[in-house]
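Student: Heads up: the protein sequence lines correspond to chains A and B, in order.
As numbered in the working numbering, residues 1 to 425 make up the first sequence, in order.
As numbered in the working numbering, residues 1 to 158 make up the second sequence, in order.
Warning: the hint list may mix true and false statements.
To be verified - Here are the computed lysine-lysine pairs in the DSSO-like style, where the Cα-Cα straight-line distance is at most 30 Å:
1. B/Lys43 - A/Lys192
2. B/Lys53 - B/Lys127
3. B/Lys146 - A/Lys338
In case anyone wonders, no lab produced these hints; they're calculated from the structure.
None of the values given here were measured: they were computed from a predicted structure.
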Amino acid sequence: MTNEKKSLWKNVVELPGNFWRSIFRNPLPSSDRERAATSFTNFFLHIQPVRVNKRTLKPTTTFGLGLISFYLFIILTLTGILLMFYYVPSTTQAYDRMLDLRSSVAFGIILRNLHRWAAHAMVAVVFLHMCRVFLTGSYKPPREFNWIVGVVLFILTLFSSFTGYLLPWDQLAFWAITVGTSIAGYAPFIGKMLKFMLLGDVTVGQEALLRFYVLHVVVLPVVLITFVGVHFWRIRKDGGLAKPEVEDEPKAITAPVAAPVAVSAEGGRKFTVQGLVRGAFVKVGVLDEDTVFSWPNLLIAELAVLMFTVAVLMVVSYFFNAPLEHPVNVMHPPNPAKAPWYFLGLQEQVSYSAFWGGVGVPALELLLLVLVPYIDRGKEGIGVWFSRKRFLANLLFLIFVVINVFLIIVGTFFRGANWQFVSPF
Amino acid sequence: MASRPDETGGQQISRRGFLGWVSGAGIVGSFAAGALSTYVFLKPRVTYGEPNKFLIGRPEDFPSGARMAIDTRRVCIVREGNKIAAISTTCTHLGCIVAPSPVGFACPCHGSHFDVDGNVTGGPAPKALAWYKVSLTPSGELEVDKDNEIQIGSYLTV
């Protein structure tokens with residue numbers, strides 16, 4: 001009896017510590033073994049490798065563009081969920097709710113600004129991330145499929161942004177979507193049907209607003225998260241960032257992590273690193289000298305990028321308000337009526353030929369993007385910016401980028417009433 | 001695995017192979033049926049927008065020489081003498097509303113131009129503006145039917 005009482009008291013006293021240790025299986029790591037254990041016994045950290053190449057941590061290797069895209073998506077999800085609490089996808093209420101965000105919702109303005117600017121930024125950053133992957137030749141085997149997943153993510157990003165564009169139900173939104181969905185209508189065979197399914201009607205109206213809302217807040221985010229998961233998983237399975245070939249044999253050291261790593265909980269399972277990773281791309285037992293432990297090196301780098309992203313976005317959202325034009329007037333298109341900026345290159349093309357500019361050329365460009373890693377299979381110049389050995393591939397890609405950016409600039413700044421050429425100066 | 005020779009020398013499918021095929025077909029079929037049902041569900045059977053057949057007023061509301069654009073209906077009523085026609089004001093390019101101009105119609109979105117009859121005179125529009133059937137109802141009012149496209153230059157004589 002006294003023994004039971006004693007142990008009960010002891011348990012109560014030790015409860016906070018036991019509770020803490022049941023959540024975090026490892027103490028703050030002080031040895032290499034614990035650093036490794038921290039990485040792969042934590043649900044949120046186990047997506048990362050235990051050790052990471054020093055090159056990966058160098059800012060100029062990737063400029064953190066993929067990570068920034070991911071953070072922007074997280075910010076968009078959080079601000080988006082908050083905005084949903086005050087938004088109604090109705091043609092009679094949506095615009096008023098925009099005004100309410102400005103006038104009577106606490107932090108309404110900053111939330112909408114954050115959401116709007118993060119959406120624009122995500123389109124741009126995802127594209128820049130794609131440029132980085134191409135210009136460093138990082139789409140080559142074994143990473144071909146992850147490049148395709150990336151192209152799909154880019155398209156999903158565009159659609160997420162496009163569907164969100166309609167929701168404020170102002171003139172900008174209405175006519176941008178009218179023009180944008182008409183472009184879809186030019187697709188051969190399925191175009192008319194596609195447009196009708198997307199709008200739920202023959203013109204942009206209540207049905208379209210509801211459909212775009214559902215796509216924007218449920219369907220596209222869920223699909224996007226799934227593909228992001230696959231994208232991250234494949235990065236690990238394909239051996240991390242693309243590395244340049246090493247001329248000499250890599251200097252190998254005997255790795256302490258090859259020994260069994262015990263999880264600190266008493267009687268916990270023991271596993272070896274061999275039991276956790278396999279495949280041709282992870283060297284077990286032999287580690288390059290130029291790798292460091294992910295805890296804390298990678299973690300600090302990631303937090304730094306997060307702070308940078310949030311800081312820039314907050315400053316922009318503080319100084320610049322998201323645009324809100326007049327409420328929808330179905331009878332009076334603004335002149336000129338322009339699609340969202342990332343589709344203005346498309347709209348510029350469309351002004352020359354509706355089919356080729358809106359459907360033919362973009363479809364061809366997308367097809368080429370998807371096929372790139374299967375056409376260009378050379379093994380040289382991987383993991384280096386602007387490798388001389390990839391001169392032709394990089395040149396062609398840069399031409400593609402410059403043409404599209406040029407068309408967007410022309411569409412944005414040099415087109416006035418009736419889509420006439422005007423000078424912005 | 002799926003087949004073995006029977007007594008007559010022909011190929012006979014094993015029970016396991018047969019069940020495998022049937023299950024496979026069932027699973028693929030279920031997915032196809034699911035996809036098809038989803039499509040049927042998402043394709044609206046009724047729409048809530050403007051009806052495509054509507055009255056626009058009496059013939060005397062439109063004096064000779066009138067070119068009156070009814071933006072809510074996206075048609076322009078044209079009267080020359082005793083001839084009346086309804087020309088679409090939806091641009092054939094990307095669906096913007098064209099505005100009547102001194103020489104016909106002009107689109108604000110991508111700069112398409114049309115003559116007074118709706119024929120393309122410039123810009124990216126791929127075809128001429130549609131003409132809709134206009135009829136006189138027994139009550140003496142004009143009715144436009146946007147589901148009924150007619151040839152350019154066909155007027156209703158009143």
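Student: If a hint holds in the structure, say so; if it doesn't, say that too.
Tutor: Hint check:
About 12 Å separates the Cα atoms of B/Lys43 and A/Lys192, which keeps this hinted pair within 30 Å; it holds. Restraint check: the Cα-Cα separation between B/Lys53 and B/Lys127 comes to about 23 Å, which is no more than 30 Å; the hinted pair holds. With a CA separation close to 27 Å, the supplied pair B/Lys146 and A/Lys338 stays within the 30 Å bound.
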